[in-house]
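> Per the numbering used here, the sequence shown starts with residue 1, numbered consecutively.
Among the clues, some could well be false.
Simulated restraints, written as ranges between beta carbons of each label pair [what the hints assert, rightly or not]:
no.: 1; residue 1: VAL8; residue 2: ALA265; range: 48 to 54 Å
no.: 2; residue 1: PRO210; residue 2: ARG114; range: 43 to 49 Å
no.: 3; residue 1: GLY197; residue 2: ASP254; range: 33 to 39 Å
no.: 4; residue 1: ILE106; residue 2: PRO181; range: 37 to 43 Å
no.: 5; residue 1: LEU14; residue 2: SER119; range: 28 to 34 Å
no.: 6; residue 1: THR152; residue 2: TRP53; range: 53 to 59 Å
no.: 7; residue 1: PRO210; residue 2: GLY232; range: 16 to 22 Å
no.: 8; residue 1: ALA84; residue 2: GLY225; range: 20 to 26 Å
no.: 9; residue 1: GLU113; residue 2: ALA84; range: 42 to 48 Å
no.: 10; residue 1: LEU4; residue 2: ASP269; range: 38 to 44 Å
no.: 11; residue 1: ASP163; residue 2: TRP86; range: 23 to 29 Å
By construction, these hints were calculated from the structure, which means they are not laboratory data. Computed from a predicted model, the values in this text were never measured in an experiment. Here a beta-carbon is modelled for each residue, glycine too, at the ideal position from N, C-alpha and C.
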Amino acid sequence: MEFLGGLVVLALGLGGLLGGLQTPSLRRLLLVAALAIEVGILWSLGQDWGYSWVEESPVHMGLQQNVWILTPGLLALLALVGFARWGLAFAPYGAALALAQGLSFIPMLLQVERNTSMSFLAIVPILDLFGVLLAAFWLIPVACEVIPPPGTHWHGVAFGRRDPWIRAIAGLASLGLEVRPPATVLESGEATGTFRGLWVRVTSRPVLWPPGYGIRVQVRGVPPGPLPAPPGLAPAETVVRRGEDLLYEGRSPDGSGGSADRLRAFLEDLADRAGSPKTGHSPGPLA
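Can you build the whole structure from these sequences, using the hints too?
Rendered as structure tokens:
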């Protein structure tokens with residue numbers, strides 16, 4: 001039963017992690033669920049962890065001699081206090097604390113079992129173990145929303161190889177597009193608007209399979225004709241037509257790519273193909 005429960009936890013944890021990286025609203029739900037789990041860990045410290053006819057709570061055992069049984073509760077308290085004090089900025093540390101909970105849970109139980117000759121197969125400690133593992137998975141997406149300050153070591157670690165992509169998207173502001181900076185450390189920014197009569201949307205998202213980073217350019221208003229050559233922004237690139245839109249998708253396992261000028265040149269080439277005038281540009285409504 002515990003094995004099947006572990007498989008369910010793994011599926012829920014990975015599903016929440018992958019879904020949360022793609023969907024901002026799901027990230028908030030996962031955060032609330034993870035914090036509820038941490039509250040449940042604290043509550044469980046006063047409940048019966050003893051198996052079979054043995055009745056024993058972690059609080060009582062911790063006050064007697066086995067203080068290590070309180071480790072998950074202490075880490076849960078630190079996580080809750082951290083989120084209450086620093087909000088979402090604490091998310092990376094909260095995820096690290098949840099991971100520490102998961103890694104320390106079984107060694108802690110084995111140590112206390114050895115000292116007390118007790119078994120901890122009761123429902124409460126098992127649910128706590130599954131809960132801390134879920135919290136460790138579910139806090140990662142919201143932790144990715146915390147952007148390190150530019151110029152710092154961690155900013156370089158998070159975005160270093162994708163700097164050409166970030167600069168390429170940010171540079172589209174000069175074409176009249178509305179530019180948004182990366183929303184998570186796995187993204188490179190977004191841009192939307194109208195350029196020389198073409199409706200343009202540029203997005204960047206993590207690629208789930210094969211794992212890596214992706215950049216997507218959607219252009220509407222390019223007349224039928226031969227497909228343009230890929231701009232050289234990523235190692236794996238495709239350019240296709242889908243209905244009224246011309247779509248470019250680039251994928252990179254580490255975010256490395258071409259120079260910042262290539263995305264602008266790609267859009268200018270599409271505008272030339274459409275016969276759009278080169279004088280002036282104005283942002284337009286999204287389609």
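> Give a verdict on every hint.
Tested hints:
no. : hint                        : verdict
1   : VAL8 x ALA265: 48 to 54 Å   : 50 Å, holds
2   : PRO210 x ARG114: 43 to 49 Å : 44 Å, holds
3   : GLY197 x ASP254: 33 to 39 Å : 36 Å, holds
4   : ILE106 x PRO181: 37 to 43 Å : 41 Å, holds
5   : LEU14 x SER119: 28 to 34 Å  : 30 Å, holds
6   : THR152 x TRP53: 53 to 59 Å  : 56 Å, holds
7   : PRO210 x GLY232: 16 to 22 Å : 20 Å, holds
8   : ALA84 x GLY225: 20 to 26 Å  : 58 Å, violated
9   : GLU113 x ALA84: 42 to 48 Å  : 34 Å, violated
10  : LEU4 x ASP269: 38 to 44 Å   : 56 Å, violated
11  : ASP163 x TRP86: 23 to 29 Å  : 28 Å, holds
Hint compliance for this structure: hints 8, 9, 10 are broken, all remaining hints hold.
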